[in-house]
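S.K.: Each chain, written out:
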Amino acid sequence: EFRRFSLERSKPGKFEEFYGLLQHVHKIPNVDVLVGYTDIHGDLLPINNDDNYHKAVSTANPLLRIFIQRKEDADYSAFGTDTMTRKKNVLSNVLRPDNHKKKPHIVISMPQDFRPVSSIIDVDILPETHRRVRLYKYGTDKPLGFYIRDGSSVRVTPHGLEKVPGIFISRLVPGGLAQSTGLLAVNDEVLEVNGIEVSGKSLDQVTDMMIANSRNLIITVRPANQRNNVVRNSRTSGSSGQSTESSLPSSTPNMLGSLLQGEEESDEEDIIIEDSGEPQQIPKAAPTSESIESLSQIELLHESAQNGFLPSSEMNLNHSTGSISMEYEVPDPGRKSLEEDGTIITL
Amino acid sequence: MRRFLRPGHDPVRERLKRDLFQFNKTVEHGFPHQPSALGYSPFLRLMAIGTRSGAIKLYGAPGVEFMGLHEENNTVMQIHFLPDQCQLVTLLDDNSLHLWSLKQHGGASELREEHRFTLKGPPGSPPSATQVTAVLPHSSREVLYLGTESGNIFVVELPSFRVLEDRTISPEAVLQRIPEDNCNRRSCELVEALREHPKNPDQILIGYSRGLIVLWDLQNNKATHHFLGSQQLENLYWQRDGSKFISCHYDGSYSQWPVSSDNRQPEPLENTVPYGPFPCKAISKIYWQTTKNGLPYIIFQGGMPRASYGDRHSISVIHGSQQTAFDFTSRVIDFFIIFSSDPAAEFDDPSALVVLAEEELVVIDLKSAGWPAVHPPYLASLHCSAITCSHHVSNIPLKLWERIISAGSKQNIHYSSMPWPIDGGTNIAPDPPQRDLLLTGHEDGTVRFWDASGVCLHLLYKLSTVRVFLTDADPNDNMNTLGEDEWPPLRKVGTFDPYSDDPRLGIQKIYLCKYSGYLAVAGTAGQVLVMELNDEDAEHVVDHAEADLLQDQEGYRWKGHEKLKTREGPVRFEAGFQPFVLVQCQPPAVVTSLALHSEWKLVAFGTSHGFGLFDHQQKRLVFVKCTLHPSDQLALEGPLSRVKSLKKSLRQSFRRIRRSRVSSRKRRGGGGNASEVQEANAKFDQDALQEMELAPVQRKIEARSAEDSFTGFVRTLYFADTFLRDSSRHCPSLWAGTNGGTVYAFCLRVPPAERRMDEPVRAEQAKEIQLMHRAPVVGILVLDGRSTPLPEPLEVAHDLSKSPDMQGSHQLLVVSEEQFKVFTLPKVSSKLKLKLTALEGCRVRKVTVANFGSCKTDDYSENDLAVLTNLGDIQIISLPFLKLQIRYPCIRKEDVSGIASCVFTKYGQGFYLISPSEFERFSLSTKWLVEPRCIVDMPEVTSNNHVHNKSGTENAARKSSPGDYGEDERKSGRLMEHALLNDEKVLKEIQSTLEGGR
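Order-wise, the sequence lines are chains A and B. Residue numbering for the first sequence follows full-length UniProt numbering, beginning at 1 and increasing consecutively. Residue numbering for the second sequence follows full-length UniProt numbering, beginning at 1 and increasing consecutively.
Relax, there's no trap hidden among the hints.
Restricting the straight-line Cα-Cα distance to at most 30 Å, the calculated cross-link-like pairs of lysine-lysine (DSS-like) are: (1) Lys199(B) with Lys244(B); (2) Lys163(A) with Lys893(B); (3) Lys367(B) with Lys492(B); (4) Lys284(A) with Lys831(B); (5) Lys883(B) with Lys284(A); (6) Lys142(A) with Lys833(B); (7) Lys700(B) with Lys833(B); (8) Lys284(A) with Lys833(B); (9) Lys142(A) with Lys71(A).
Honestly, the hints are just simulated from the structure, not real lab data. Values in this document were obtained by computation on a predicted structure and should not be read as measured data.
Same shape as in the complex, but just chain B (with noise of 0.2 Å):
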């Protein structure tokens, strides 16, 4: 019966809502989670990375980006392109080979998996016997050469992967040249590198992982030469002349071997160990590359002297008397070196080096003096320092854009000037339709600005707060690298930098007003500051103020951190936004509400406490208001605390853990130290999922009291200019909602513009609404006479927005975790309702409105709200009606910090962390959607296949087109956060039991 009546079945809408609404996720920002190969292609300048889940991401020019993923989500080892084609091979952790392929596919390439491999042995043999150690694609395109652990090399033809048995070097032919004396069985044991010859592709070397290297000439099936090492080999380097080679040990050595047609069994010609006498780590990888001038570039990872630097992430890059070893923040996963592609050319005259580490892609310039970093226009690390908050503005005017992009310009001068090295394939994808700010806010007390306009998340601007406060470590303090010592030259490269000085300088709340340029940010520790774009230096007192919001509530206790210590006298800030207001809450609890309005120059902030407002022209506190109920003092005395600090320490704990174990995971082969760390998390996994197994899962059904804790947690803040007290008068008031589901306004009077110095900011309570289900109330809106929600401050005044229609009756919504209703004003009383809870059983988590264009016409738009439930789906609701639209599944509702995370656009795009260090990018819209599309250019065709992109910031963007190329990119999402989500069942225990503790 139900089923007949449910509403929304009228065809037109139907049809509307199909113009309206469509969900797409479209594009990852960031750096991807768990990187463990590195790939790159010369003739492509594409490079690849391949991740712990089974993903596989090609980067090349700006905007020019391909994703695909292993069905098995497992472990990428490594990644070859192959020579000359637009095709690349890859091993995963489970001995399968995989071909893909960059394909045109309506007028863009794609990337697609074409075929797989898993090498069999003979019946009975050992998995060592086919277990893949290293690959080689042969120039040639039909063949690749696979080492392995028995020390056999098949062959194998491409594409179909047809095993050539009666090409495979087995250790019994090798050894029938080597003198007995010297070589045994044992000594082909494990084939560690294979290199084709630089100039003669009928020759391959082998090293074998006992240090044994053969050159084997393919057309005779014969070795040809041998080279006995003395040490366990690690990797192998031609010259680009082929006269000579490389070879990089255990110990920390590298050996340079000649190779000519009179000696057979040379001697090397030098043996190094640069970082020696005492012992050192192996070098893992070797690079050497000759220049006009004569002198090579050597550049190598490790090495370092094993027990001052053993734990350091470096790789060294020597040329004549300069060396520097790069000093990196977390593991190095591969790096290669950018260099001349052409093959007539004489000398390698490297460019670039490009490293992957595990947290961050660092490139530095190898042309210019002091090797100076490469900004890269993508793959940023998100999670420098955990990302604690984020706020998306769209459709910046183009005066702040330039602004705020001169003030970051001036902060990235130690940058490299040199074009991005790797700039394959062509970005056709169309300009952004609007300039997009997204700021994240980070645990160590910055902002960072990002163009979110296209397909490249690209650092605008970094602000920080910490100059503001006294802090135990001292910013300048930070800056002095040269205090390490001079040998080795180690110098830090990179930006991760997780460790937090003080957890209370974290950013919790972000509000930029786009017209007047006014930024208000607020953390951890109540503090609320006040910003002003301003395009000088300048040094200057920041005025302080502090907000008790306790008022007159007697004997309360705050047992949690200290409000941070204010620096005295005037603090010199650099260009851009430059605080001018602090205002700190007392007690210093987490600010968890923010609003600004630029028009009025007010801000508003809420703590669990209460609430705010503070007038940031005449830098006066107007009011507090204090949000605790009566009943809920003895339990914030007391207990509470307690409660909060066990869920916090828990969290904390966790989030720990994570970390821990993203660290930890090496390859395998790497440090003993390591795989302990690795099995002590897998028991701690094993022994946390028993214990949730054995808990009977139950949940309590309890109804919310007066008396929970947490009620007076102030969730939303909203300022509006409407009929609050009677019909006939609009004014400025502010709105509150608390987490007990009660609703404060306040009517302000502002004095006009003219008298603004002059006469105070008053305001006065008018109403407060208690919703009775008493759920957290997460938005506010007014509504006017036209049913449209208010514009924003200053948006009329730049014509940016209709004026609010002021005749008609406005209507206010509130948005609880588990309700939507509409109330009439002045006069309070209730009109519509949607009850999202006791129908669906799922919770609010993120609300907002968001406009929606007709993909058909261009001339019909509507504003809806779009929801996001604790479910993880999103749903779109219309206005003023709030009728269900549509409901799409878009988080795993066990990906807490993904939900947690998200944040919409005004034009119903959104953005969730799907690991610390990447945001999903998703689309509601038919109208506006930022996906990649770009072509790579097939070989056939590839005499200038250089043609890229210049503009490094104008990145992709696209209006809807019908075809099967989008439904693929959503289902690769889709797959992508499948694969994550392996990881992350620990977290998912955790946060449900926090969940269920209700």
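Bound-form chain A, shown alone (with noise of 0.2 Å):
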């Protein structure tokens, strides 16, 4: 069934009220929903924080299309990109369920369960034939699961073709995380490792790189098949670029860029237990703690020198720190291991 009806633009309120108003006009008081809409790209994405409830009103066009699911029997797959070339898929998967059948897919938690688990980033500053992917690594449950070698790769130089030693990704363990997003795969030749290159190094210094940067790796591979490559031509894409799993969707991907110095700074906090208490994150040594300035001189520069990218500004730092309570699981105090059971402290 369907409602129309009007909210202000301007002042759109909270998610809580809209998700109120929505039960309200539909007359469903106590039973959960899944709200989705249509951006501009026809993409249905979720509504169900204040944000992307705003984004979504900000972007209406004039008309929000909101699609609404009963939790239960919801599509989850249906939310994602390129839905507006199957939209007509999505529209008759969300109106008939029996559709299933067809091609069942798995169940996977609620939208806002979601945690990154790998995106392509910089794909504006890259050239078109290197992709750069960052892996995401929580906790143990799932093995980043791949294994490189050494081999050799051409390099145009002022010399004409010459053969140098390179690093290839030599095999993907079935079911772990470098297989899983599709990003990576056998062959593909690695150039950097969190912003350092490679070249000149030995397969046991790159394994060493990646090891040490396990738990937020990005590589920047040539992939062996160039065929899958990013075309750069919509700049205007915003969130919902080209990139198959992004899941930040508020960010540029400039931004995101910037986001990895901010993230890599927070997702690496030692633990420290006090006189046998409760195990806490260590924080940074800041005089103040609202302050950005207040990482020293010392470590912005080094920092910078680290990831190769100007020190940040006050701006994206902020940004950074937002995401940070993304990258982060609920505490849950049945867990027996240490590092598991911070509680979070951000700047």
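Grab the two chains, each in its own frame, and use the hints to assemble them into the complex.
M.R.: In structure tokens:
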């Protein structure tokens, strides 16, 4: 059934209120529903928090088309990019649940429970032949799952074509993180690890670099298969561009680049237990907790040298702090192991 | 973009860095790996040793040493000094000859290769025609006589190496003068020996392999005498007056031949088989030395009865009724006799026998009764028992130094008091700046104390921990060498003994407090000994305690070795370091970290299971902490021990292979058995390499998880008086870092000195830090309010350090294999970090704080971290800002044992093993540089060429001086290592698979 109602674009209010309004409009006060909308590209995207609610309202053109599904028989797979092309299918899926028999899908958790697993980043600053992939490693539930080997690749140099040693992905472990992203493949040449070029480094060095960065591994590869490369002509695509699993909706690719830094900073916080008390994340030594400048000059310089980016602006870092919470699992008191017990302290 | 942002481009700092840091490999200590040739110049009183890797090392008076390296890295077969010259000729196994000279340059002598030459035969001739077997530098200094396999003797002019073809002595020419019935063409195959007549330079003695010996007149180009030996010839030796010569033979016999003008074809005066009548091994070299009293010294190598003593490496000395067969611990490479070199002297009057064995140098005093050994001031066999760990202590107080020397001198009473007989050259290096001790722990449970102040690494004192324990082989049993049969009169000499009775005795960690003389030593079976220096022999009971590191962990079974059994009752200890406390960890796993605080009288120790703290004053265990991760439990019970033992056995079997290769590589023409072993080894090498090539080299990328094995392994322990709990009161603390990236901090309560025995030491855990990257913690350090590392215990009490700043806030530096992190104290918040591995892909193997002084001004010095990575690079990282200052490649990354053996000093020097028996010394400092600097006098000014440095142990040290001398040393050092590389391919491969197994 369809309902049509109006909202004040400038003052959309909170998601909670909107959710209440929907339940009220549809007269389903105690039914859990999943809310989605189609954006300007026709992608079906979820509305489940203030941010994406505001985004949805602000981009409504002028109509905001909203889909509501019962939570229990919701089709999560409907969300995502390129849903425009599958629009019909999506709608039929939504409207006729019996279609599911055709192609049984895996029920995963709610979109708000999603965390990024991998992403393609810095699309705008890299040559089209390269791909920078970020793998997010959480806990120990899923192995990173790939192997690298020595090899040789051909480079164009001032002296013509030259064969140079290179590092290649040699194997993907079935079911591993690397394989499940679909962004890395056997024989892809590894060019950089977290912003550091691997040329001139030995296989063991690159292995150590990758392992040292394994909690937030960013590898730049030259894919063996160059046919799936990003074609960069629509800069306006915004959030749901071509990167299939980019799940940081509000960031432009440029910001993703800057984000690396902030997140890298935060995701390695060590843990301290004082006097056999509760484990806590070790904070940054900083005179004032809000000021970003509190990171000492040395640190900034150092980090920038590390990642190859200019010292980030206050805004960028704020962004990163905003996204920290996304990276952490909800504290689970039942867990034994130390590292997952920590409460989160952000700047 | 990154390039422009890279820190450290402050020009002032850059200039300062140049004044502070400089990398030099300065000198090699110890015994050359795989020696292959020996030479001696009685004129220069210098000895030369050549090795299988093409190195040549010259030694004279202590501190006088030179090193050269043949570019080809081929085995040095023979070394001959040119008579009365500062020159020598080497023959390599590729049949090339090399002329080396000692020349003065910039005030010091240098060894330089001047010419090289390979004998070429006429076109089409077989290679054997020019294969050099014997070299004779003629006393005219103008020519070299080269005996070959073909029997031809070529004459080459020096120094040009021009072949004088018209002077070639061909077998045909020789045979013309010899009756046909006795000889044929085959008699003149292969020249075994060439000897110049001691009185008449125009006559040379030619010995052919099949037994024919000819005295050749160079003037008239004809044979004047010939001597028909019935046995295959091994070597020849002229008597001093030239009236007789000795030949020695393959069947173990030697003959004395008269040389007189009336008999041109004499029979031997005497033909003896000294160890007959049963078949004997060959006598490969013989000396006949005359003395004033008429009784000659007959000294020969080999000749032992083949069946019962054929495996002995012996040199026999016969003097009248005295006869001793010195029985060496390894194969004899060569030997020489030091005797009167004055040509006018009537007798040889031998003073010393110098023997180069494969694993050590032995010098026998022939002047003193009983022929005792002389204690060499250099060329020490570091590996007499395999080195298991090392510990360096800089700037030893004079008092302790003297006490150690005095303890050591009591151990050396059986050595001869003869001054070191090889005393050529003059040491012109300044005295060493300070007294440094290098302590090496060995597989057999001993700790050796080396004087590492100067160029000569010299053994001061040897400590054995074996006495404390009950072992299968009682040390007292080993002493009775009299148990040998009377005949042959064998006498064991030398110290090389790589076979350990019980591997559990091995020393793993050493900590010496130079102020108090307390020494803590920990070993393979979880034993920790605390010792005290006592100048007298003493008999006492060693207090014994057990530390159960598993505490209440249930269901754990240790599958490794048992703990060592201790001796009941009082034990007698000789003067020196005497143990008074023994702590045995339970389970008896190898001790992986050790710290001693001599002021608080505490010793901390860690194993793969946990760590403990022992009060050695009250002799009471303060606490233990189990570091096993709960999830580790299963792994440790089950497969771990197998994993461990597999790795271990691989390593061990490799070590065995290497060892067997060391001992089996014999000179060409050695026993048939040796060549078989060699062949087998070569086959093994090839198989191993092939296997490696077939296996795809790939590396798994996987995050470290908490469940990884070995996380509980305690890697580092550290005592600090710092602000652990609150910022107003500091207290003693103990810090421990594990393989799993955990740091534990314990707050200690040590009673004041006056109540030290009355109140117990208490400890309470105050902090536990888990590094999220989980890399092994290899170093912990507290920086005081001025960002200076806290001083060592008792350092302040002895006025040798400023007291630490207890006003400002302290900082904690945690070094893991991957990152350097600075935290604030007492509230732990992270301040700075350097992610080394993420940036460079290298991991920290060794780290230490080193003090660097400026070479320009005496008043500037700073503390930095000296870091050795798994790639063999050395990096200097500033404190407290953790900025990389400089990086030097130092050790080949494949040389895992070299990297593992590296030890830094507190003043920016270091040592690492380049072979089982040699330490390379390097310096990172512009200020502290210990390297040889010496002069060997040229013949023109030689009337007084034996001026030498009498002070045996005062050696060379030199503050940096510009000039290309250091450059050369460095270059040759690198080449030397490269040479050793050839031999360790398999090591590299196996190690890399072990490393890659993660």
